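K.L.:
What follows is each chain in one-letter form.
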Amino acid sequence: MASKYLTGVGSESKQLATWYFTFAAILFGAQLLFGLVAAIQYVMPGFLYGVLDFSIARIIHINALVVWMVFAMFGSVYWLLPDETGIETVGIKIGKLLFWIFAAAIVVVVLVYLFIQVGPADATTIWFITEGREYIEAPRWADWGIVVVALGFVGNLFLTGMKGEQTGIVTVLMADMIAFAGLYLAGMFFTDNISVDQYWWWWVIHLWVEATWEVFVGAIAAYGLITMIGAHRKVVEMWLWIEVAMLFGSGILGLGHHYFWIGTPEYWWEIGALFSALEPLPLVAMFIHVLYDWGKTQGGEEARGNNVSVINNKPAFTWFVLNAFGNFLGAGIWGFFHTLPQVNLYTHGTQFTSAHGHLAFFGAYATILVGMMYIAVQGTNGIKIMKNTKASIWAVSLIVSGVVGMTVALTIAGYVQVLVSRAQMGATWAGYFDGQSGMWFSQAMDWRLIMGVVTFTGFIFLAKDLLTTGKNPVHER
Amino acid sequence: MANKSVWSDNRFWRRTATWVTGFASVLLIWLTFDTSAQIAMGNDQDLQNKVTKRVPGPTVINYKITYEMSAKRGHEIPVIGEKEKFFGRDDYSEEEAGALLHLGKLGSQAKNCMDCHTLLGNGAYYAPDLTKAWLDPAWGPDGAMQALTGKNTKEEAMAEFLMHPDQYPTHARMMPDLGITAKEAKGLVAFLKHMSSIDTNGFPRNFGKIKGAVHGK
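Keeping their order, the protein sequence lines are chains F and R. This note's numbering applies: residue 759 is where the first sequence begins, and numbers increase by one. This note's numbering applies: residue 25 is where the second sequence begins, and numbers increase by one.
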């Protein structure tokens, strides 16, 4: 149907995209592996104590998460640019060089995390070992490297968008990616005032994850609907603009829900509560849109008497539909649970946040980016209709059950913490450990570990499938 | 075009998206100016004149800090009281206290504190929240930590624990030895004392106030 979009062979931009996807998948594996280490440490505190402590395992767990997603996002853009603009990406040589710089820098940063871990309390540690700020621990030298790489990426996107055809999807991506890159600068300074520190730190974390990244997902979902089921571009792009309005309209001031307790004024209670309560709405809209377009296109075909599926890439579309569900459930519902200040006073800084984080990052981002990887496998192998394989079904089933299982376990652990450590015991050191020692809490942590293993097993199937399915004779070529 | 509805017009929605985004961004920037002024760190003059700042100056370490219910605001707020010795002194100058706070804040980042603990509720959940750690009864005269570390004051007990956390296990989940020096430990305790004086709008609720909740203490 949308075969003109499947000319993956011969485009340098698409080749670069596959490099980004490959490195992203490797980091995804690393993320899960170090997540397992951290999960084991909750159950067996002595595990790797003094060698690879929880803090280090967690840094790699969350940094690998952020970086693999950024890599897969860059890859997705390099993949879709030739399709959307009708030309080869401008500055692709620089793009390829920047890829290697980026990848090499990541490897160095991880090795330093692993083997040096901490430093003395002075500026050299901040510059060369760790900045110690959650999610963006990367030392300052790497920050500047990331800025250079991001500028090159945004430059390529703009030059290509302005030279070739500028579709609605490309326009949204251009505006979104420049905001995404620019926001990183807000996390690159040191201050003694921890309230000021956290104020700007949230500009990076929140305005990425709950604004610019979500808009990115909207644009990718739009691209996927057009390429995979042949949805009508005008309808898709109209919805995309509505989503942008709703996402930025709620997400930008939804930032206020992080400003309840960090020293910032009380008016953020109202602003944060109001706008973050609206944040699930665009996610509902995105969910409806994906399923509506699917039903509409399929129904149209059936009305014409064609009883075949309109989907030309089953595994990718599965991940895209999971994204529609997961984004709404993980980011929307699990976020809404604890976004009002009256509730957040007790849930802030508990496993509740962790439960939300796991399902939201998976549902909103991991799913759609894995979907893009499958689109790349289809394109580079010249497959007309790509089918599910045993491995792709095992991968989806195990990863989804694993992540949902972890989320439920962490939610229960969060409840224990809220009730015992916070409400009953007033959040002291002793109260904290009383909550952690509770039977419900420790059983939840056992289940989290088991579900983490399930997730990791699913990842092995996913890696196997991504590596082998391209040559599988079951697909229609 | 004449009989086409504006509601299905892509240009209309593109403009809506642009205006909504622009409006939200301008509002955020405006609020940022107001908030930045309110969370700017105070100075020694403010403390001497009893001017309440959301984030007091570093010399707050010269004073006793408590966390009291405010009837007006409906939640607890930090109250800065009379002078209190901190490592034997209550006359740290603005420069000395500022240097200690600077060292402590740097240390909190250099040792990745936030990847086990939460500070102001943000970070990891593997270890206790440190927002009001300075006010935790565990470190006070009736708490366990002074006796455990063999120290007579809260700040000395905290510093000793930070330097040798593996020698004072309070739970199966132990803090690792992060190579914290005596100087760094002093800075970190100053940082923690300063953080406890920040007005966090009543977070954490009921901190250390529930008598009898923790093993009848």
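The hints are simulated quantities; they were obtained by calculation from the structure and are not laboratory data. None of these values were measured; they are calculated from a predicted model. Accuracy of the hints is not assured; some may be wrong.
As the list claims (entries may be wrong) - Result set (DSS-like, lysine-lysine): computed pairs, CA atoms no more than 25 Å apart in a straight line: (1) Lys77/R to Lys88/R; (2) Lys1054/F to Lys28/R; (3) Lys992/F to Lys77/R; (4) Lys1142/F to Lys992/F.
To be verified - Quick list of simulated restraints, FRET-style, between CB atoms: (5) Ala881/F to Pro193/R: 42 to 52 Å; (6) Leu1225/F to Ala196/R: 33 to 43 Å; (7) Ala881/F to Glu106/R: 54 to 64 Å.
To be verified - Computed from the model, here is a short list of chain F residues facing chain R with C-beta under 7 Å: (8) Gly808; (9) Phe812; (10) Ser813; (11) Val865; (12) Gly877; (13) Glu892; (14) Trp999; (15) Ile1000; (16) Gly1021; (17) Glu1024; (18) Glu1028.
For each residue, glycine too, the CB sits at the ideal point set by N, CA and C.
K.L.:
So which of the earlier hints does this model not fit?
P.N.:
3, 5, 7, 11, 18
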